[in-house]
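> Residues per chain are reported as follows:
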Amino acid sequence: MTRFAIADAPFEIAPLRARLLRADAGAYASFEGWVRDHNEGRAALGLRYEAYVALAESEGAKILDEAMTRFAIVDAACVHRIGELAVGDLAVWVGVSAAHRDAAFSACRWIIDEVKARVPIWKHERYAEGDAQWLHPQADSEASVRGGE
Amino acid sequence: MTRFAIADAPFEIAPLRARLLRADAGAYASFEGWVRDHNEGRAALGLRYEAYVALAESEGAKILDEAMTRFAIVDAACVHRIGELAVGDLAVWVGVSAAHRDAAFSACRWIIDEVKARVPIWKHERYAEGDAQWLHPQADSEASVRGGE
Amino acid sequence: MTRATVLYFAGLRDAAGIAQETVDHDGDLAALYAALRAKHGFAWPQASLRVSLDGAFARWSDTPHEGAEIAFIPPVSGG
Amino acid sequence: MTRATVLYFAGLRDAAGIAQETVDHDGDLAALYAALRAKHGFAWPQASLRVSLDGAFARWSDTPHEGAEIAFIPPVSGG
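Protein chains in written order, with my numbering: chain A, 25 to 173; chain B, 25 to 173; chain C, 2 to 80; chain D, 2 to 80.
Derived by calculation from the structure, the hints in this document are not laboratory data.
If you want a taste of the chain B side facing chain C, the calculated C-beta under 8 Å gives, among others:
no.	residue
1	L79
2	S82
3	I136
4	I145
5	W146
6	K147
7	W158
8	L159
9	P161
Pair ranges (Cβ atoms, derived):
no.	chain 1	residue 1	chain 2	residue 2	range
10	A	A141	D	G18	26 to 32 Å
11	C	A20	B	A47	44 to 50 Å
12	B	G65	A	L45	19 to 25 Å
13	A	A85	B	A47	31 to 37 Å
Virtual Cβ for every residue (Gly too), placed ideally from N, Cα, C.
With the hints as constraints, model all of the structure from the sequences given.
Shown next as structure tokens:
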């Protein structure tokens, strides 16, 4: 049972969350990234996520393993969508269970930050005006750094 | 539609979460507090939450209103159980939607901290050894301050 | 004398042995707590508690009106 | 000469016009990227990219073996 997965179709959160429930865990923190109707002030119709799946899975698994050693948590998991997504669709989910809420919140935040920074997944946005583009945040010298979800 | 509620029976998270989904929200953070099988090193069988319901509802609503003004969030909600709970039962849920994850995480953490600090709800724990006690953290001079969930 | 209802919760209710009582009292909420503390033998000093009047947190210097609902709020442990 | 497969993703694939190609090359991954950048006109300097070898992040000074799978990783935008 891997803690990180790439999903090429919509997935249910409930069974993923249920796997994190433990009698010794008093706290659960989760994060979800949804497709917004705008980004950088432009009206967005939807997007496509592409991944280098083999590398994304191994790098994602490393992040989750590292979270288990860095934080006093009971368990953690993350799933990231690829493929075509519409506004309001779930793009990424992170769940963390822990004895106490400090570790649950810290680990959850750390995992989503690392996934966004390290996992080879790219977002291709389609805009209401008809054009589309790949988002390549850090190296994008023509636009300000994109820090949003 | 109030953002804070006291529930005297188990409640479903899914419809509460669904109400926070918005086309302009890209981030959702949630927290859940579950009844653990131990507290302060003692094996626990379950607990009972009691509230001064009228004051809990008004104080909880104030916290949520304050969160809406303190953080750049789209919406937020919190439900706290009262009554008899068994190990693994959901005691409290907080959900926050926002354009960006910073505000979602910060507001979610702030809300649960304030609810634990300010809302008149008390926990009565039953232990495997047969005894039971009210937890009154800050003023409990006979035990260390209890900071857990 | 002003008649008011006092509610007890959690450890305070256990100490008082009752969930509520009707009191006739003159003076502010601090004086009322002092009187009830003496009567029931509550361990908590006033500084460890908060106080509410008609379902809203109040100041210890507030004076209850006729028919008021008062609660002394022991340290909370929700979450 | 060593034969390897190079994968292109996202903006790099658009710029190359292909998703993958077979290359024959001597030298390390930095030299390979420099050659392919010249060939396809990639805008990104090497410092803006990461590189992977057989599905694991690698160093630019690594030298691909025969049959290796190489990918140049443009800045990611998951989440």
